[in-house]
Amino acid sequence: GENVEQHPSTLSVQEGDSAVIKCTYSDSASNYFPWYKQELGKRPQLIIDIRSNVGEKKDQRIAVTLNKTAKHFSLHITETQPEDSAVYFCAASKNYKLSFGAGTTVTVRA
Amino acid sequence: NAGVTQTPKFRVLKTGQSMTLLCAQDMNHEYMYWYRQDPGMGLRLIHYSVGEGTTAKGEVPDGYNVSRLKKQNFLLGLESAAPSQTSVYFCASNGMTGSQPQHFGDGTRLSIL
Chain A
21 GENVEQHPST
31 LSVQEGDSAV
41 IKCTYSDSAS
51 NYFPWYKQEL
61 GKRPQLIIDI
71 RSNVGEKKDQ
81 RIAVTLNKTA
91 KHFSLHITET
101 QPEDSAVYFC
111 AASKNYKLSF
121 GAGTTVTVRA
Chain B
33 NAGVTQTPKF
43 RVLKTGQSMT
53 LLCAQDMNHE
63 YMYWYRQDPG
73 MGLRLIHYSV
83 GEGTTAKGEV
93 PDGYNVSRLK
103 KQNFLLGLES
113 AAPSQTSVYF
123 CASNGMTGSQ
133 PQHFGDGTRL
143 SIL
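As they're listed, the protein sequences go chains A and B. So the mapping is simple: my numbering equals the position in the first sequence, first residue as 1, plus 20. So the mapping is simple: my numbering equals the position in the second sequence, first residue as 1, plus 32.
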């Protein structure tokens, strides 16, 4: 099955700086890559996603890049704010099943 | 529009007891999923369904059973609960294609003593 690795496991950034989370996947047939944000005690919520026919996608301060050849994708958060503090999960999908990374705990220091 | 609703939100069981977790969605989604979330391990797929009357095993199916008798409901059963099944359980659903976002419920926090 699909194996998704996510790094780093924890990330601490100064408010206003950028944060980058990287994921790799094993199955070259995977074609959908969502990112979820999960606040403590809450449900995972989709923040951005990218499909395999696109190399980059941006939504305000959040961007995702995909390198199909290298089988890795990354989440970039610019101008971080305290409300960006959460656990972020990457995932990869072939057909309809998602395989998740282990998560990155992001802490934004004021 | 409620989206995905899970009941109960919390439950404490004794080893060997049984229980059923209910997931209901009102978005007319074909696909439904049950995950468990443990610290440091992300979300792992237990079972899933691609339509009414269908179920299939995911990554960690042992000790669980599921049923999808109605399109809007997906039930997760624990026949004989074990302490290793202490976890937070999330239900999710999405539409007809694989590249549609999965919508998650609020989760069920289950403790097995």
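A couple of the hints might just be wrong.
With a straight-line Cα cutoff of 20 Å, these simulated SDA-like cross-link-like pairs (lysine to any residue) come out [stated by the list, open to error]:
hint: 1; chain 1: A; residue 1: 62; chain 2: B; residue 2: 40
hint: 2; chain 1: A; residue 1: 62; chain 2: B; residue 2: 41
hint: 3; chain 1: A; residue 1: 57; chain 2: B; residue 2: 115
hint: 4; chain 1: B; residue 1: 89; chain 2: A; residue 2: 23
hint: 5; chain 1: A; residue 1: 114; chain 2: B; residue 2: 83
hint: 6; chain 1: A; residue 1: 62; chain 2: B; residue 2: 56
hint: 7; chain 1: A; residue 1: 62; chain 2: A; residue 2: 125
hint: 8; chain 1: A; residue 1: 62; chain 2: B; residue 2: 34
hint: 9; chain 1: A; residue 1: 62; chain 2: B; residue 2: 99
hint: 10; chain 1: A; residue 1: 62; chain 2: B; residue 2: 42
hint: 11; chain 1: A; residue 1: 114; chain 2: B; residue 2: 127
hint: 12; chain 1: A; residue 1: 62; chain 2: B; residue 2: 87
hint: 13; chain 1: A; residue 1: 57; chain 2: B; residue 2: 72
hint: 14; chain 1: A; residue 1: 57; chain 2: B; residue 2: 143
hint: 15; chain 1: A; residue 1: 114; chain 2: B; residue 2: 40
hint: 16; chain 1: A; residue 1: 114; chain 2: B; residue 2: 42
hint: 17; chain 1: B; residue 1: 41; chain 2: A; residue 2: 23
hint: 18; chain 1: B; residue 1: 41; chain 2: A; residue 2: 125
hint: 19; chain 1: A; residue 1: 62; chain 2: B; residue 2: 70
hint: 20; chain 1: A; residue 1: 62; chain 2: B; residue 2: 76
hint: 21; chain 1: A; residue 1: 62; chain 2: B; residue 2: 39
hint: 22; chain 1: A; residue 1: 114; chain 2: B; residue 2: 132
hint: 23; chain 1: A; residue 1: 62; chain 2: B; residue 2: 83
Examples of chain B residues toward chain A, derived with CB under 10 Å [unchecked claim]:
hint: 24; residue: 62
hint: 25; residue: 63
hint: 26; residue: 67
hint: 27; residue: 107
hint: 28; residue: 109
Covered, in the sense of this in silico footprint (three residues per stretch, anywhere, with C-beta under 8 Å from a C-beta of chain B), are these stretches of chain A [to be verified]:
hint: 29; stretch: 57-70
hint: 30; stretch: 121-130
No wet-lab data here; the hints were simulated from the structure. Treat the numbers as computed from the prediction; the structure is a model and nothing was measured. By construction, the Cβ of each residue, glycine as well, lies at the ideal position given by its N, Cα and C atoms.
(request) Starting from the hint list further up, note which numbers the structure goes against and sort them upward. (result) The structure conflicts with hints 3, 9, 12, 14, 15, 16, 17, 18, 23, 27, 28, although it agrees with all the remaining ones.
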